[in-house]
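> So you can see what is in the structure, the chains are spelled out below.
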Amino acid sequence: MISVENLSINYGEKSVLSSVTLNIPSGTWTCIVGPNGAGKTTLLKALLGMHPYSGSIKVNGVEVFKDMSRNVAFVPQRPEIPLGMTVIEYLALGRSKLDGWGRERRRGRVLIQNTLEETQLVGLQSQLVTQLSGGELQRVLIARAIVQEPEVMLLDEPTSALDLHHQITTLNQVESLKNQGVTIVSTMHDITLGAMYAERMIVMHEGRVLLDGPASNVIHSNELKMAFDHGISVHTLEDGHTVIVANKTRSEII
Amino acid sequence: MTAIFGLVLVLSCLLATSIGPVKLDFLSVLKTLLGQSSGLSDQDRTLLLQIRLPRVALAALVGAALATSGAVYQTVFRNPLADPYLLGAAAGAGLGATLAITGSGKTFTAALPIFAFLGGVLAVLATFLVAGKFFSDPSSLLLSGIAVGSFATAIQTFLQQRNSQVLRPVYSWILGELTVADWQSVKWASIYIFLALAILIRISKLLDGLMLSDEEAFSLGISPNKIRMIAVGAATLATATAVSVSGLIGFVGIVVPHIIRGITKRATNRALLAISLSGAAFLVLADLGARTLISPAELPIGVITAFIGAPFFLFVLRAKRGGIQ
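Chains as they are written, first to last, in the UniProt record's numbering: chain A, 1 to 254; chain B, 1 to 325.
Don't read these hints as lab results, they were simulated from the structure. We put the beta carbon where it would ideally sit given N, CA and C, even for glycine. Treat the hints with care, as some may be off.
The following residues of chain A were derived to be distant from chain B, with all beta-carbon distances above 10 Å [claimed, not checked]:
| id | residue |
| --- | --- |
| 1 | Thr28 |
| 2 | Ile88 |
| 3 | Leu93 |
| 4 | Ser96 |
| 5 | Arg107 |
| 6 | Thr115 |
| 7 | Gln148 |
| 8 | Asn222 |
| 9 | Val243 |
Taking lysine-lysine and the DSS-like style, the derived pairs with C-alpha atoms no more than 27 Å apart in a straight line are [unchecked claim]:
| id | chain 1 | residue 1 | chain 2 | residue 2 |
| --- | --- | --- | --- | --- |
| 10 | A | Lys58 | B | Lys226 |
| 11 | A | Lys45 | A | Lys58 |
| 12 | A | Lys45 | A | Lys14 |
| 13 | A | Lys45 | A | Lys178 |
| 14 | A | Lys178 | A | Lys248 |
| 15 | A | Lys225 | A | Lys248 |
| 16 | A | Lys45 | B | Lys226 |
| 17 | B | Lys205 | A | Lys45 |
| 18 | B | Lys205 | B | Lys265 |
Using the sequences and the accompanying hints, generate a full structural model.
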């Protein structure tokens, strides 16, 4: 269980998160949505416990700040790409927390091999990370998070660099981790996709939480529309799926 | 692979101790160094053990220190063109050395290495103080390094103008030289340089984390800023020590890491030991060139390294601009 109480974060004079309170049950997938600048990524990074904050963030009852013992994987939207490192070396970094930096253990080796197959990366092991396409890099990032065997996985816009097919395969992989008991928290611009996978959804606007609840309720809520200044509409298809699209105004069409 | 670089270093040292205005037999040198009777005359023995060997040892120490520090700076600042003098160590040491020379009026004083060392360390500390934010904003740290370096150089120039009789010794120190190498300087340089290199090689695996974003590194169990602090501290210790015994020898810290990364096809911090050994071999051979190219006169070693380094530097710049990594 992740519980956040009265969390506030400022960058200099600017308030980025303000009095955020929410609970994320263990083993669930929670999707954070909201317009650009709403504070989604800041909230996600805050859950890592790396940067100073006021208020409280607890994972399983323990305050996260400077608690290095937790195993939380982070998949960034724009990663730093290390020069001169192969895919297999990059994946091995994912074992650093459990096996020690630069150490190689049998369990890690086997897991890396299995993950390469699961994430369809076989054949790319010896390729330099700098030479990967956007989609391949995203799969490698997910694979590195998988070999980390985390309790919590934080993903910042995991599908933004992917084509439609790879969006689904990547999210399916994350879902199978959730089914193994990993708590997933992701930010996503694609609310339709988020609602397909996440049980819970948090709507953010200007550094505050507007709504926090089951995804099926949140996508039909007025708060979601308010967060996007009523610039979106929600449609339910015949098969029961819900699609959220941006409204085109008359002036934009012309 | 690392063993090959070790072998190259040993061969470079043997070559550098054998060749000079007085040629010594290669095998006799090897035998003497191994403690066997070699047939060298007493005079040649003294030349080998008291003049050439300490100089070669000092060149190796300084080369290892500069190459390793350069590689570490490149990883810490995620900048392939970072060099050991980036944070003002060179300008600070230059000012320290100038103060020592102008204070005594002699070419070299016993205090020069200490002044240069303190000048280098203080300049790097000043850079951190001016930047204020430490590593949260690398570009402001680099800009502070430039500002502190320029300020130190301005004071140094002012002192030189006021004491024109010291222009020559200061200039010759700035170009780098190993002519005053003796066992005493080898001894004190080796203490600090070995300590710094041991720390850097020990944490080289953790430096992998600095190649990722800070959040990723943190999620994998390291505090990136703590590792940066240790890495920059140790690299500064090695650099300031190197500068204090040899003056300013440019380009080793850039050229060697790039060449070794190209040969080993490994990330810079993953080839740190190979870079240390190659830096040592590179400077031993550069010093051999400095001693022998216009023998019996000597070229400043900085001229030799810059002669190779400057075109290489331009090549890297052009390749980078063209998007080649």
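> Hints first: check each against the structure and report whether it holds.
Status of the hints after comparison with the structure:
| no. | hint | verdict |
| --- | --- | --- |
| 1 | Thr28 | holds (20 Å) |
| 2 | Ile88 | holds (13 Å) |
| 3 | Leu93 | violated (6 Å) |
| 4 | Ser96 | violated (5 Å) |
| 5 | Arg107 | holds (17 Å) |
| 6 | Thr115 | holds (16 Å) |
| 7 | Gln148 | violated (7 Å) |
| 8 | Asn222 | holds (34 Å) |
| 9 | Val243 | holds (32 Å) |
| 10 | Lys58(A) <-> Lys226(B) | holds (24 Å) |
| 11 | Lys45(A) <-> Lys58(A) | holds (14 Å) |
| 12 | Lys45(A) <-> Lys14(A) | holds (17 Å) |
| 13 | Lys45(A) <-> Lys178(A) | holds (20 Å) |
| 14 | Lys178(A) <-> Lys248(A) | violated (36 Å) |
| 15 | Lys225(A) <-> Lys248(A) | holds (14 Å) |
| 16 | Lys45(A) <-> Lys226(B) | holds (19 Å) |
| 17 | Lys205(B) <-> Lys45(A) | holds (25 Å) |
| 18 | Lys205(B) <-> Lys265(B) | holds (16 Å) |
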